[in-house]
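Chemist: Taking the hints into account, I'd like the entire structure generated from these sequences.
Residue numbers (the numbering used here), protein chains in the order written: chain B, 2 to 465; chain L, 212 to 307.
These aren't lab readings, by the way, just hints derived from the structure by calculation.
Warning: the hint list may mix true and false statements.
Simulated pairs of lysine-lysine, DSSO-like, Cα-Cα distance not exceeding 30 Å [as the list claims (entries may be wrong)]:
1) B:386 x L:221
2) B:241 x B:386
3) B:380 x L:293
4) L:302 x B:386
5) B:352 x L:269
6) B:357 x B:259
7) L:220 x L:302
8) B:269 x B:258
9) L:254 x B:75
10) L:269 x B:357
11) B:352 x L:237
12) L:254 x L:216
13) L:254 x B:386
14) B:346 x L:294
15) B:386 x L:294
16) B:50 x B:20
17) L:269 x B:75
18) B:246 x L:224
19) L:216 x B:386
20) B:75 x L:294
Stretch-level coverage of chain B by chain L, calculated; a stretch enters the list once three of its residues show a Cβ under 8 Å from a Cβ in chain L [claimed, not checked]:
21) 268-282
22) 288-299
23) 306-312
24) 338-344
25) 347-359
Here a beta-carbon is modelled for each residue, glycine too, at the ideal position from N, C-alpha and C.
In case you want the letters, here they are:
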Amino acid sequence: MSDITSLTLTQTLQALKDKKFSEQELNSSYLNRINTLNSKLNIFLEVKKNTSGIPAGIKDVISTKNIQTTAGSKILSNYIPPYNATAVERLLEQGVSIIGKTNCDEFAMGSSGENSAYGPTKNPWDETKVPGGTSSGSAVAVASDCCVFALGSDTGGSIRQPASLCGVVGLKPSYGRVSRYGLIAAVSSFDTVGPITKSVEDASLVLDWISGGDNYDSNAKVEKFTLQPQGLKAGVKGLKVGMPKEYFGEGLDNSVKKVIEEAIEKLKELGAEIVEVSLPHSQYALAAYYILNPSEISSNLARYDGIRFGQSRETIGAEVKRRIMLGTYSLSSGYWDDYFAKAAKVRTLVKMDFEKAFESVDAIVGPVSPTVAWNLGEKVDDPLKMYLADIYTISANLAGIPGLSVPCGFSEGLLRSVNHERSLPVGLQILGKHFDEETILKVGYAYEQITDWHNQKPDLRFKI
Amino acid sequence: MSLTKDQVKKVAKLANLPLTSKEEEKYAGQLSKILEYVEQLNKVDTSDVEPTFNVSGKSNVLAEDQVRTSITQEDALANAPKKSEGFFVTKGVFNE
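Modeler: Quick look at the structure:
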């Protein structure tokens, strides 16, 4: 079988069951691909040569026992965790093996993958473009068929945005759905662990595997998410889907807008009722986020003292330093009320916007990212411009609700010939009520059944 | 809100971040720009709004008071740059 690596997780499990190939063949197929692609795309920071298990990529901010975990930072360049993250432990129990640790923005801070101390990951659709971030390596690993699926983390869009920019499925679970134990802490009240996959069904299955209560994370909800095939496949007929007018205004690239509107039209064809909703405080979400996020970061990253583990603080990269500074400032005496407390109140208003909207709709849809993947280097010197890339994803993290990114087309229709600017993937964002992953997965699944976008693969033949 | 280089120096000290003079300069400019952007929060009326610090809806989750195995002393020390006789070695606090 020549196309083992193009199979989804669900298909891979079925093929193994039917003995179409062995776990050894599965692993060697993926390792061969990594061998040819890793040096060009800079996907993995560490590769493990397993001969069994379902090969998954694990974002390098997620602790893996006895496997180097750098968080994309020089400060952890020699750190080897003595324990597994709970999500990793649960995957191993399901017969998953770790094929590699994926590159990411340092301590999951960034929007493009360029903040990794180990160099940027490249977008497989066009190597001159960013893959998005911060789960850059995880998204590219899945998009380039270098693993069956991957784990990422999402604090402000870090699963959904790279999934969107790379044309794969990304699921940010509700805050509290998956234990954060072993996820290297950045923004504790926002951080979530979730899957990046080749299909919505795969995302649903991985969430089933990794969710559930954990004595090591008291915020984790005891009830796990359980994949109900009949629920997933129930269709969207009669479902009320909201379109927030604030997500379609100024700043949204026209070609992205067109693709998103076509995708919403498809949902309508499937029987969903499309309703306009308003999230009036969306415009303040980014400002609130960039106070709350650095504040929690400055506190969490105080642990890197170079005494118990890690190098000295000089080795911290520019963006991480910037956020530590911003957070320390906003938490410092005399400013706490003006910045941190104010932002936490605006967070309440953003959350209430969603609660109000969800009184009349079952899910909310819109773009993941205002643009498709941009040029490497384009925004690195302008932090504010980089932050604006997260404008549509951040609100979900402020509110704690789940969000799904599903491939829904390309910026310029289908791929053009090599002489033209290549067209790039666009992702549809589907947001749901807190702990209602089932509805957003149902919407994503129904959309996937009548479209072929998730089956599109970047043309990497010239590299092999 | 505009941050001066001296303020940046002070914050860096609070954050235990060694910055070069060039970095201090750069961050003064960049942080001022971000703070300026964040100032739009003042346009929002939050007078009757409670702050949100946690969205899990949980509070005071208690664990059973049980003895559990934890990582070994050897594992806990494995990543330490300097160790001695089963302890972390740190900079002296009183010997200046």
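Chemist: Between the segment 288-299 of chain B and chain L, are there enough contacts, at least three residues with CB-CB distance under 8 Å, for the coverage claim to hold?
Modeler: Check passed, 5 qualifying residues.
Chemist: Measure nothing beyond the straight line between the CA atoms of residue 269 (chain L) and residue 75 (chain B); if it is 30 Å or shorter, mark the hint as holding.
Modeler: Violated, at roughly 35 Å.
Chemist: Measure nothing beyond the straight line between the CA atoms of residue 357 (chain B) and residue 259 (chain B); if it is 30 Å or shorter, mark the hint as holding.
Modeler: Cα-Cα ~27 Å, so holds.
Chemist: Residue 269 (chain B) and residue 258 (chain B): Cα distance at most 30 Å?
Modeler: holds, 17 Å
Chemist: Run the distance test for residue 254 (chain L) versus residue 75 (chain B): straight-line Cα separation, threshold 30 Å.
Modeler: violated, 40 Å
Chemist: Does residue 224 (chain L) sit within 30 Å of residue 246 (chain B), going by the straight-line distance between their CA atoms?
Modeler: violated, 44 Å
Chemist: At least three residues with a C-beta closer than 8 Å to a C-beta of chain L: is that true for the segment 268-282 of chain B?
Modeler: It is violated, with 1 qualifying residues against the three required.
Chemist: Take a quick look at whether residue 241 (chain B) and residue 386 (chain B) sit within 30 Å of each other, Cα to Cα.
Modeler: violated, 34 Å
Chemist: For the pair we were handed, residue 75 (chain B) and residue 294 (chain L), check the Cα-Cα distance against 30 Å.
Modeler: holds, 21 Å
Chemist: Between residue 50 (chain B) and residue 20 (chain B), is the straight-line Cα distance small enough, at 30 Å or below?
Modeler: holds, 22 Å
Chemist: Does residue 357 (chain B) lie within 30 Å of residue 269 (chain L) when you go C-alpha to C-alpha?
Modeler: Given that 30 Å is the threshold and the Cα spacing comes to 21 Å, the pair holds.
Chemist: Can you confirm whether chain L covers the segment 306-312 of chain B, using C-beta to C-beta distances below 8 Å and requiring at least three such residues?
Modeler: holds (count 7)
The structure is inconsistent with the numbered hints 2, 3, 4, 9, 11, 14, 15, 17, 18 and 21, although it conforms to all the rest.
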